[in-house]
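**Q** So you can see what is in the structure, the chains are spelled out below.
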Amino acid sequence: MKAENDDLLQEFTSEQIAELDGVIEKHKGEPGALIPVLEEAQMALGYLPVPVQKRVAGGLKLPLSRVYGVVTFYSLFTMTPRGKHTCRICLGTACYVRGGKKIAETLEKELGIKEGETTEDRMFTYESVRCLGACGLAPVVVIDEDVHGRVKAAKIKEILSEYD
Amino acid sequence: MKRMGENGYVKQSFVQDTETLRLSSVNELKELRSILFETLDENKPRLVICAGTACHASGSNGIIRIVKKYILEKRLADKVALRITGCHGFCEMGPFILTEPQQAFYVQVGLGDVPRIVEALLSDKYVEDLLYRDPATGEKYYSRDDIPFFKHQQRSILGLNEKIDPIRIYDYIAQGGYSVLEEVFSKQNADWIVQQVKRSGLRGRGGAGFPTGLKWEMLAKQSGDQGKFLVCNADEGDPGAYMDRSVLEGNPHSIIEGMIIGAYGTRATEGIVYVRNEYPLAVKHLKIALKQAQELGLLGDNILGTGFSFDIKIVIGAGAFVCGEETALIRSIEGKSGEPRQRPPFPVQKGVDGKPTVINNVETWANIPLIFKSGADKFATVGTENNTGTKIFSLVGKIKNTGLVEVPMGITVKEIVYDIGGGASGKAELKAVQTGGPSGGCIPANMFDVSVDYESLAEVGSIMGSGGMIVMDENTCMVDIARYFMNFLKNESCGKCFACRKGTQRMYEILDDISNGKGTLEHLDLLKELAEVVKDTTMCGLGQTASNPVLSTLRYFTDEYIEHIEKKHCPAGVCKALITYSINENCVGCQACIRVCPEGAITGEKKQRHVIDAAKCIKCGACRSVCKVEAVDVV
Chain F
1 MKAENDDLLQ
11 EFTSEQIAEL
21 DGVIEKHKGE
31 PGALIPVLEE
41 AQMALGYLPV
51 PVQKRVAGGL
61 KLPLSRVYGV
71 VTFYSLFTMT
81 PRGKHTCRIC
91 LGTACYVRGG
101 KKIAETLEKE
111 LGIKEGETTE
121 DRMFTYESVR
131 CLGACGLAPV
141 VVIDEDVHGR
151 VKAAKIKEIL
161 SEYD
Chain U
1 MKRMGENGYV
11 KQSFVQDTET
21 LRLSSVNELK
31 ELRSILFETL
41 DENKPRLVIC
51 AGTACHASGS
61 NGIIRIVKKY
71 ILEKRLADKV
81 ALRITGCHGF
91 CEMGPFILTE
101 PQQAFYVQVG
111 LGDVPRIVEA
121 LLSDKYVEDL
131 LYRDPATGEK
141 YYSRDDIPFF
151 KHQQRSILGL
161 NEKIDPIRIY
171 DYIAQGGYSV
181 LEEVFSKQNA
191 DWIVQQVKRS
201 GLRGRGGAGF
211 PTGLKWEMLA
221 KQSGDQGKFL
231 VCNADEGDPG
241 AYMDRSVLEG
251 NPHSIIEGMI
261 IGAYGTRATE
271 GIVYVRNEYP
281 LAVKHLKIAL
291 KQAQELGLLG
301 DNILGTGFSF
311 DIKIVIGAGA
321 FVCGEETALI
331 RSIEGKSGEP
341 RQRPPFPVQK
351 GVDGKPTVIN
361 NVETWANIPL
371 IFKSGADKFA
381 TVGTENNTGT
391 KIFSLVGKIK
401 NTGLVEVPMG
411 ITVKEIVYDI
421 GGGASGKAEL
431 KAVQTGGPSG
441 GCIPANMFDV
451 SVDYESLAEV
461 GSIMGSGGMI
471 VMDENTCMVD
481 IARYFMNFLK
491 NESCGKCFAC
501 RKGTQRMYEI
511 LDDISNGKGT
521 LEHLDLLKEL
531 AEVVKDTTMC
541 GLGQTASNPV
551 LSTLRYFTDE
561 YIEHIEKKHC
571 PAGVCKALIT
581 YSINENCVGC
591 QACIRVCPEG
601 AITGEKKQRH
611 VIDAAKCIKC
621 GACRSVCKVE
631 AVDVV
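Protein chains in written order, with this note's numbering: chain F, 1 to 164; chain U, 1 to 635.
It is worth saying that the hints were derived from the structure and are not from the lab. One should not assume that every hint holds.
[Said to hold, decoys possible] Facing chain F, according to a computed beta carbon distance under 10 Å, are these residues of chain U, among others:
1. Phe-37
2. Leu-40
3. Cys-91
4. Asp-301
5. Cys-323
6. Ser-394
7. Gly-437
8. Pro-438
9. Gly-468
[Unchecked claim] Once the Cα atoms are required to be at most 25 Å apart in a straight line, the calculated DSS-like pairs of lysine-lysine come out as:
10. U/Lys-616 with F/Lys-101
11. F/Lys-28 with U/Lys-287
12. F/Lys-101 with U/Lys-490
13. F/Lys-155 with U/Lys-490
14. F/Lys-101 with U/Lys-427
15. F/Lys-155 with U/Lys-576
16. U/Lys-576 with F/Lys-114
17. F/Lys-26 with U/Lys-336
18. U/Lys-490 with U/Lys-336
19. U/Lys-576 with F/Lys-109
20. U/Lys-427 with U/Lys-11
21. U/Lys-567 with F/Lys-101
Everything numeric in this text was worked out from a predicted model, so none of it was measured. For each residue, glycine too, the CB sits at the ideal point set by N, CA and C.
Start from the sequences, fold in the hints, and give me the full structure.
**A** Here is the structure:
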């Protein structure tokens, strides 16, 4: 247990760990608790490395393999730390046919990372999503909560520079 | 506070303190509705503004803020009202303001336009320059209902969105919401409900088109000792489709009402709405709606004093396309990885936690109150014989009028694309419409006369699906589209069945090769063979339909494949490895392309024809997108 705690403390503060324990406690015993617990845990901690999964497995009395299986199955969960800003490109069909692919390539080039990665300075996490339902504004890039519609490749640099 | 059930209780608590109001009989619901109806001043000038996801993204919140401020500052609250609603469907034109009772439709409104609009409404005039104009003819429309996009629709479900503020249950009740419960509870006949749904001919709007009444009948027959579940499937995973989100966001109470009716008819005990994590606004509105319905006594124990109990909870998905499949969705609700399982047992026998479960899609649930309001027979007169009612499509892609359209079943693709959608958005000719999402298929332009119903679409090799309708033109490469869908499907395959896991990957690799100019004619036979094998040997709906993008593009666009393979040429100018950019004699030497080129690949003096260095060019297309004289060629 102590060794596990040390693993956790390396990445997270004791307040964050207490929050994690609170989340586990809140849902303990509910049927189907695992996914809500992981969703809330990720909201509190930003990502779900193996020590966090161990804690969740222990708390909910589930095998670690089951927790790991669920974390790696769903696209929402991530095991690597995230950047300060999340940059999502929509690659739903509507955005795709209206030039989303080009925007994606430009973003990858500007950020210097591939989809699902985080820049070295942990400023941006870059990912693609299937559809944000803003098809009328295609192609769409969402940075944090801001939706940028009808994006042009030439404007990417300018858009990214708004975030620091 | 007066004792529950006593005469005048509803009126008193409504006037004094609405918070405490809890309805304990059907009559009290009727009373509340008549009070609300009296307060409903439909002739009062009103601004209606959409705050759905797409309009929100184009800035409707700022507009709403300014409108509120203006009304407050000018002390106009007595004269003009504001209603904030969910999606109206015409997302291309957002943010917009609709006025009542005028029905003036102001599009792409800016913050500074607000005062003019309010003042015009107050004096029953129009702000001419902001009215919607047909982009092709320039014709101006004074009434929203005359605009072709709206005129050719039949908006039974979507039409309610503009009448209701989704976070106000009283708005819904005043518009006749929850009135079906009055009839349902007074008849006290569960079987009657199921029979009505069967009579209406309603088929599941999630894609497969299974008759809803039949599903309910099977659930009603199951023993309810352990409890039974009703699930609303709001895991709308098809990229390019968002009708379910709009209904959830814009009219969550219609789903709740539908589920209460369903529960009464099938004697289900618990309800679940399984909604995508990517839809935060829908979750928010649904949570508010559930709380309001519970507080008012429409959900929970002993609903309206009838002794009937039913409640609904929300389960938020964690992002997996396959979870739209019934058995995968059930596993996800149970907190497991969303892998489908073999059927039988069907969910109606063994569903959530092993209990009998019926899963219906959002739009299906939204149809239920409509069936009972109009009567099953009347509902069945809309559409065609075996395809009754309306269907919402999300019309997107290379089309002028992007948005959500609701049409009677049996309409042709042509009517949707041209009469409602206004045709191609650019100069290029339309080539195909893709329906049904990644599991669907393409309908080529020469078959646009096909009737939009479950059977006809299946005949031409596509599917109805949940309602995505993506329009493609000559600049869309069909090999690339097949490759795009296959990439999506290989990523979303859960991996349980070998044929799907490996098959989608191999099909993707072959398509990738073809689009990179490395394809051979043998590849086409191999693709077909793989597609058939995946179709025949996988377990769930995702796997069985995963081949559709390949099969349908191969069926109608073989020539395009062959051109990629034999001539190493992409006719649409999309597949990078097969195209080169060059500048033609139209060039006026404005240097716009030089400024945007990220690689410095373009050179040329002012007023001289520019040149692209093919060795440096990364084919990003930035030059083409800024060129005003169409001087950039792609071959």
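**Q** Confirm or reject each hint.
**A** Against the structure, the hints come out as follows:
| no. | hint | result |
| --- | --- | --- |
| 1 | Phe-37 | violated, 33 Å |
| 2 | Leu-40 | violated, 31 Å |
| 3 | Cys-91 | holds, 3 Å |
| 4 | Asp-301 | violated, 20 Å |
| 5 | Cys-323 | holds, 8 Å |
| 6 | Ser-394 | holds, 6 Å |
| 7 | Gly-437 | holds, 8 Å |
| 8 | Pro-438 | holds, 8 Å |
| 9 | Gly-468 | holds, 7 Å |
| 10 | U/Lys-616 with F/Lys-101 | holds, 20 Å |
| 11 | F/Lys-28 with U/Lys-287 | holds, 22 Å |
| 12 | F/Lys-101 with U/Lys-490 | holds, 18 Å |
| 13 | F/Lys-155 with U/Lys-490 | violated, 31 Å |
| 14 | F/Lys-101 with U/Lys-427 | holds, 21 Å |
| 15 | F/Lys-155 with U/Lys-576 | holds, 21 Å |
| 16 | U/Lys-576 with F/Lys-114 | holds, 19 Å |
| 17 | F/Lys-26 with U/Lys-336 | holds, 19 Å |
| 18 | U/Lys-490 with U/Lys-336 | holds, 21 Å |
| 19 | U/Lys-576 with F/Lys-109 | holds, 16 Å |
| 20 | U/Lys-427 with U/Lys-11 | violated, 60 Å |
| 21 | U/Lys-567 with F/Lys-101 | holds, 24 Å |
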